[in-house]
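Full structure from sequences and hints, please.
Those protein sequences? They're chains B and F, same order as listed. Counted from 1, the first sequence has number 108 at position 108 by our numbering; the numbering is strictly sequential. Counted from 1, the second sequence has number 17 at position 17 by our numbering; the numbering is strictly sequential.
Simulated from the structure, these hints should not be mistaken for laboratory data. The structure presented is a predicted model; accordingly, all values stated were derived computationally and were not measured. Where is the CB? At the ideal position from N, CA and C, for every residue including glycine. Some hints could be false.
Claimed, not checked - The calculated lysine to aspartate or glutamate pairs, modelled on DMTMM-like cross-linking and capped at a C-alpha distance of 25 Å, are:
(1) F/K9 <-> B/E16
(2) F/K44 <-> B/D2
(3) F/K52 <-> B/D94
(4) F/K22 <-> B/E8
(5) B/K52 <-> B/E76
(6) B/K52 <-> F/E102
(7) F/K40 <-> B/D84
(8) F/K36 <-> B/D54
Said to hold, decoys possible - Label pairs and their in silico Cβ distance ranges:
(9) B/E69 <-> F/N62: 29 to 37 Å
(10) B/Q81 <-> F/E53: 39 to 47 Å
(11) F/K40 <-> B/Q45: 17 to 25 Å
(12) F/P8 <-> B/D54: 41 to 49 Å
(13) B/L46 <-> F/K40: 41 to 49 Å
(14) B/S79 <-> F/M15: 44 to 52 Å
(15) B/E16 <-> F/M15: 42 to 50 Å
(16) B/A17 <-> F/D38: 41 to 49 Å
As the list claims (entries may be wrong) - Chain F residues, not near chain B, derived (Cβ > 10 Å throughout):
(17) G28
(18) P66
(19) P108
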Amino acid sequence: GDSVTQMEGPVTLSEEAFLTINCTYTATGYPSLFWYVQYPGEGLQLLLKATKADDKGSNKGFEATYRKETTSFHLEKGSVQVSDSAVYFCALTDTGRRALTFGSGTRLQVQP
Amino acid sequence: DTAVSQTPKYLVTQMGNDKSIKCEQNLGHDTMYWYKQDSKKFLKIMFSYNNKELIINETVPNRFSPKSPDKAHLNLHINSLELGDSAVYFCASSQVSTGGIETQYFGPGTRLLVL
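Encoded structure:
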């Protein structure tokens, strides 16, 4: 079956540091890939997505590139802010299955 | 202009009780979902309805019964609540767009605590 693996957290960074959160996946079809963010006490918000190999999703300074050869979709941001502190989820939908399969989430803590 | 709304936001109840959570979306989407987020933040699909028809039913105890009265609503009824049912329940909706791409939009979650 499909699965998503994310790096363990928490990730603690200082403001303006570079962020990478690793995500790799296994899928039987042609998945679409997503990053969702969950701020404390809130629901899930779509951060970015990519639907085919070599697509780059970007939003609010965050980027991720769909790498089929390495089955990866790593999240990056050049300069994090305290307001980016949240839990980040990598997820996929696969051909013929519309439900999201989520990774375990990575908590990001940004210190001033 | 809430896109996906859930009620209640918080629910505290005793073991053995029966409770319902309601979800409504005003996005015009044809598919709705229930996900469960456990205490370790892990998210897992429970059910999905497309045009009021059940299309996904994961391994969930039959104490959980979803109901979709129309495309815009998906409710979750839970009988005989157990301690292990304590979690955050998220509703989501989506619509397949041109090119087969779809994005799921989530509600704010219902935090259920069973005592």
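Hint check:
Restraint check for F/K9 and B/E16: the C-alpha separation of about 35 Å exceeds 25 Å, so the hint is violated. Pair hint F/K44 plus B/D2 holds up; C-alpha atoms about 12 Å apart against a cutoff of 25 Å. Among the hinted pairs, F/K52 with B/D94 is consistent with the structure: their alpha-carbon atoms are about 22 Å apart, no more than 25 Å. At most 25 Å may separate the alpha-carbon atoms for a hinted pair to count; F/K22 and B/E8 exceed this at roughly 33 Å.
Pair hint B/K52 plus B/E76 holds up; C-alpha atoms about 18 Å apart against a cutoff of 25 Å. This hinted pair checks out: B/K52 and F/E102 have alpha carbons roughly 13 Å apart, not beyond 25 Å. About 20 Å separates the Cα atoms of F/K40 and B/D84, which keeps this hinted pair within 25 Å; it holds. The straight-line distance between the Cα atoms of F/K36 and B/D54 is roughly 31 Å, outside the 25 Å bound, and the hint therefore fails.
The hinted window of 29 to 37 Å between B/E69 and F/N62 is violated, with their beta carbons roughly 43 Å apart. The supplied range of 39 to 47 Å is met by B/Q81 and F/E53, whose beta-carbon atoms lie about 44 Å from each other. For F/K40 and B/Q45, the Cβ-Cβ distance of about 20 Å falls inside the hinted range of 17 to 25 Å, so the restraint holds. The hinted window of 41 to 49 Å between F/P8 and B/D54 holds, with their beta carbons roughly 44 Å apart.
At roughly 22 Å, the beta carbons of B/L46 and F/K40 sit outside the given window of 41 to 49 Å. Roughly 48 Å separates the CB atoms of B/S79 and F/M15, a value that falls within the hinted 44 to 52 Å. For B/E16 and F/M15, the hinted distance range of 42 to 50 Å is satisfied, since their beta carbons lie about 49 Å from each other. Roughly 30 Å separates the CB atoms of B/A17 and F/D38, a value that falls outside the hinted 41 to 49 Å.
A cut-off of 10 Å between C-beta atoms confirms that F/G28 is not in contact with chain B; the least separation is 17 Å. At the 10 Å boundary, the C-beta of F/P66 stays outside the reach of chain B, the nearest C-beta of that chain being 13 Å off. Distance to chain B contradicts F/P108 as a non-interface residue, since its nearest Cβ pair spans about 4 Å, not more than 10 Å.
Hint check: violations occur at hints 1, 4, 8, 9, 13, 16, 19; the rest are consistent with the structure.
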